[in-house]
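Trainee: The chain contents come next:
2 protein chains.
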Amino acid sequence: MQFHHHGYVSGDPRVQDAAGTGIDRPDDLPDEMDVLIVGSGPAGMLLAAQLSQFPDVTTRIIERRDGRLPLGQADGIQPRSVETFQAFGFAERITAEAFNIAYMNFWAPDPEDPANIIRITRTEDYAFKISEFPHLIVNQARVLDYFAEAALHGPGRIAPDYGVEFAGLRVHDDGEHPVEVHVRYVAGDRAGEERTVRAKYVAGCDGARSGVREAIGRRHVGDVSLHAWGVMDVLVNTDFPDWRTKCAITSTAGNILHIPREGGYLCRMYIDLGEITEDDHHRVRQTPVEAVIRKANEILHPYTLDVRQVAWHSVYEVGHRVTDRFDDADADADADADGGRSPRVFLTGDACHTHSAKAGQGMNVSMQDGFNLGWKLGHVLTGLSSPALLETYSAERQPVAQQLIDFDREWASLMARKPEEISDPQELATYYLATAEFPSGFMTQYGPSAVVADASHQDLAPGFPIGKRFKSVEVVRVCDGNVVHLGHHARADGRWRIYAFADGAVAGDATSALAAWAEWATSPESPITRHTPIGADSDAVFDVKAVFQQRFEEVDLARVPRLFLPESGPLGLTDWEKVYAAGPSAWTEADIFAERGLSREGVVVVVRPDQYVAAILPLTATDELSAFLGGALLPQRVV
Amino acid sequence: MQFHHHGYVSGDPRVQDAAGTGIDRPDDLPDEMDVLIVGSGPAGMLLAAQLSQFPDVTTRIIERRDGRLPLGQADGIQPRSVETFQAFGFAERITAEAFNIAYMNFWAPDPEDPANIIRITRTEDYAFKISEFPHLIVNQARVLDYFAEAALHGPGRIAPDYGVEFAGLRVHDDGEHPVEVHVRYVAGDRAGEERTVRAKYVAGCDGARSGVREAIGRRHVGDVSLHAWGVMDVLVNTDFPDWRTKCAITSTAGNILHIPREGGYLCRMYIDLGEITEDDHHRVRQTPVEAVIRKANEILHPYTLDVRQVAWHSVYEVGHRVTDRFDDADADADADADGGRSPRVFLTGDACHTHSAKAGQGMNVSMQDGFNLGWKLGHVLTGLSSPALLETYSAERQPVAQQLIDFDREWASLMARKPEEISDPQELATYYLATAEFPSGFMTQYGPSAVVADASHQDLAPGFPIGKRFKSVEVVRVCDGNVVHLGHHARADGRWRIYAFADGAVAGDATSALAAWAEWATSPESPITRHTPIGADSDAVFDVKAVFQQRFEEVDLARVPRLFLPESGPLGLTDWEKVYAAGPSAWTEADIFAERGLSREGVVVVVRPDQYVAAILPLTATDELSAFLGGALLPQRVV
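Line order of the protein sequences matches chains U and E.
Here my numbering runs 1131 ahead of the position in the first sequence, where the first position is 1.
Here my numbering runs 1131 ahead of the position in the second sequence, where the first position is 1.
Note that these hints are calculated values from the structure, not bench results.
Every value quoted in this text rests on a predicted model; they were computed, and no experiment measured them.
Treat the hints with care, since some could be wrong.
For lysine to aspartate or glutamate, the following EDC-like pairs were computed, each having C-alpha atoms within a straight-line distance of at most 20 Å [what the hints assert, rightly or not]:
no., chain 1, residue 1, chain 2, residue 2
1, U, 1602, U, 1552
2, E, 1426, E, 1437
3, U, 1260, E, 1720
4, E, 1602, E, 1263
5, E, 1260, U, 1720
6, U, 1549, U, 1244
Among chain E residues calculated to face chain U with C-beta under 10 Å, some are [as the list claims (entries may be wrong)]:
no., residue
7, 1134
8, 1276
9, 1362
10, 1366
11, 1442
12, 1445
For each residue, glycine too, the CB sits at the ideal point set by N, CA and C.
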């Protein structure tokens, strides 16, 4: 964590100085704004936290509820989300209060007495094999609390406008603020009042029954199955020995997905209530919790549950729906040609994809929607990029949602099978492990676009697949010898990261490929110069770091190109945290060159503000880097 | 972190339910209270945080300042303090914002050109070799913020009474509240007003010029040397390559102890200003910061400092003083005999030991003063222990302070030597490493007393030295397979920990030594029963845990004695987090039995509420355990 950069800070360094629209931010929803976020769920709150890092953008977030969410339904946090929390500055805090899943156990009928269940197998949780972060269980309400804090403590000082309901919108063809939004106060002093406000962009983060989706006429395609599940968060005494372990339980009486939760006592149970008839018309949703508990006891036989408190419960039929497109742009029109057709309204999260909760994906995918959209809005609204960038949002996220629906449909149907349909009791465990990358959140790979380069130089860094999230490795910070995760320095501050992995020459050798690249990068012609606004810090848009192959003791900071030791901020202070060396060292075994297969000739890795690898290039391919960044960003100065 | 134990918690689980005096706690200082803490520095605030866990005790803390400390002088945090932060629930948060010291480098005159300094050697910081926690640098003000939060969020809801100054005290021979304290309001609405309040006990945490020390007539013994140092926290640009590494610099122009600080930019420099004359009369303290900066530049030659901001600076002569006794008891009288002579007033921190800042010890030792005193006051005031327990405070802490003074005197004089006095340039590095256990905070070993047993069974657990702090090891939590640090479950909640390390029998074997011990421990005759108040949870005073030798998968919870799966709280919920297995497992290499040399016949390790090992006993030595606990605690029921 870096601070004191603008002078000594006495208090909590997580509270950044207010700037731009964050200074004297009005309490009331203004008449005009840049971005209006509808809904304060995981996607909306992440988006607010991200846009708080763009304080020149006026961002408001309206929420029908009159305050904080007291009881969230989602609770599964995949490692990719914990990585994201790290970027927003609260991974260590939420991890400390969350439940860490170490194992998933599988139970099935005892072959010798099928009325009883027995433990068939244990599987180690996959998280640590594919991320340095764990697989957590924590209440959605707490996730929202932390994002709310990040939004409020960012320079934009964004806080939700509670008690304000979305009531419709219309996108005009012209004007600075073409989206006319109708809102209604439903709580507080102004309850009952209706207003029209105008925004440049609207993000519909308003859940499965999204009014924004309806207003832009997008179709939510899919179906609801005729299979019902009960779900409950319960405080229980029991003789079931795996009460604190995640379990998939298949029994002659039905199935349970069992998930221990944070705090050591509470558990979440998904209880299979079986098939319902075509003419049920959602009557199953009236099933009393007592019936769900009774069913759970039947499934768990010979073990029993003594429920002491039900914190929350629900009954639902599994549904799978995905919206055909995640924005209001006309897919058939040429957005660039008429200028007025680029998207103005976006859908995120449950507003555009809904599915069962059992694969623990919903909140996670929703947050990545917000992470994908946030920096793009920030870039366009601050003039760093053209509005065409916003077309990549739907193009990148809609296929992810479709994959999720497909995965969840398969997982949900496997979970709902009867014992007689299962030939191999290990099959579910095998499927679980084989597909682990997906529910961890790491399968997402964006295709080529203005912000994802082609793979022609992928062989220089096979461990950083283009279009996938940048997978961090430990490196040694040269200035102090501390072992740090290279990727953890990349906070969700809206900046691009450019990692210049050095060639094998002695650090500081003026004839090295790295030195030549650094000289080019600081020249007036370089895209790093060209896309950085005049008057801004030299690293305001691109955070450029060097990683040397030598041991850190052998890197002489006096000879490292000044690009990697920039002076910035009002005091013009040197930033010492951009020069790294590959391990091993006294405190790590890792050698990032070996672990990611990086070319010993050096390689440049460009990473987007949402942590996805954008480009891999040789140090010598300066023209290609210029061309790629020129496609993603607008020039900020005349060269 | 355990919560939801009294029912579902929606918000921050670090905020405990208010209880006892924490419910409707009056804003104003009352006329009578159990404990009055004078001063809100590290010792006082830790004490408040600890006593907040004893909400039946009325605790107030007065502070002359009108609010939070904006700029603390101390910044070095030894691993023992980070362990302590873990127990108070904020280690991961403060670590995230602190600077981690990985190396200490030593600089000396270049033999070929003594006008220039060169790096002589690097030493790896010792912290991780003796603790799972690092050696941190973070502002004292932030440490106080976190303890203030712990005090406020504990059941006692304790917040400092700011703007109230200590003005004197008198200890009466009788009455429920024998300490009469005179206070003065110096800020706020009542500024100028004087009051007399009464307390059962007073803790003088009021710094080097302690009024409490003066009021009880204790002598502060020691001297001030004729050697002056300048100290400054500065934001600097420099070509000195180790600016972000802790360094001891010996130069022909003098010496510097250089300490990088949190946030990546700020550094603390201690600059040797050399000998002063006998008739200086503290005039050296008027040295302007420009002179200190000039001196620093001379010492660093050929490197230079370009100071951009001075956050804080001071000039001082090194002094070493320690108070003869840390309470008001009459050392010559027999406290037990006349009953009225047991201590009523205590001194902590700088009020009873002052020394140079350069060994980074002051704040750390002060906090351990508070940790030692807190639970003892809590025990006596809730009737768990007799007032005689309080005599162990001075007996345990005064020798620690004396050791500290001796260590610091040696370290400060080594640091102040001229190059010509140094025969071996490596000597300082060698001394630094050889004595590492002391500045880490782990040398403290309390001698036998009512709360530290004799060492007759030490051979059963040589890795847990009696009287030293319990050094944690990773174990596997049986209920969920998570690898956790056994010691981290021991929060600073005022409870004793009893770890029953099992004999080698199969877990749950009813004929095992562990099973016999557990049966005895739950009997009416056992000290665990006898010292637990009627109506309290069975683990309210003793948190008893089992650690098995088998792999966790082999421990059948259904057969573990119920002592280790107690039901407690208003819902009578089972606590699943008291049964552990030694590793190794998929997630750890550690085997606690091997790492601590624990007897394979089993062993009982008793740990005090302040994390010091109190007793080591065989599972069969039930009479000895009864006798030991009977000496430390009062019976709570008639058997």
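Trainee: Each hint: holds or not?
Mentor: Checked hints:
1. Restraint check: the Cα-Cα separation between residue 1602 of chain U and residue 1552 of chain U comes to about 39 Å, which exceeds 20 Å; the hinted pair is violated.
2. Restraint check: the Cα-Cα separation between residue 1426 of chain E and residue 1437 of chain E comes to about 13 Å, which is no more than 20 Å; the hinted pair holds.
3. Of the pairs offered as hints, the one joining residue 1260 of chain U and residue 1720 of chain E holds, with about 16 Å between alpha carbons and a cut-off of 20 Å not exceeded.
4. Restraint check for residue 1602 of chain E and residue 1263 of chain E: the C-alpha separation of about 9 Å stays at or below 20 Å, so the hint holds.
5. For the suggested pair residue 1260 of chain E and residue 1720 of chain U, the alpha carbons sit about 16 Å apart, so the restraint of at most 20 Å is met.
6. Restraint check for residue 1549 of chain U and residue 1244 of chain U: the C-alpha separation of about 16 Å stays at or below 20 Å, so the hint holds.
7. For residue 1134 of chain E, the interface hint holds, since its Cβ comes within 10 Å of a Cβ in chain U; the closest pair sits about 4 Å apart.
8. At about 7 Å, the closest approach between the beta carbon of residue 1276 of chain E and any beta carbon in chain U falls short of 10 Å, and the interface hint on this residue holds.
9. Look at residue 1362 of chain E: its Cβ only gets to about 15 Å from chain U, farther than 10 Å, so that hint breaks.
10. With a least beta-carbon distance of about 6 Å to chain U, the hint placing residue 1366 of chain E at the interface is held under the 10 Å criterion.
11. Among the interface hints, the one on residue 1442 of chain E holds; its C-beta lies about 4 Å from the nearest C-beta in chain U, closer than the 10 Å criterion.
12. Here the hint on residue 1445 of chain E is broken, as its CB sits about 15 Å from the closest CB of chain U, past 10 Å.
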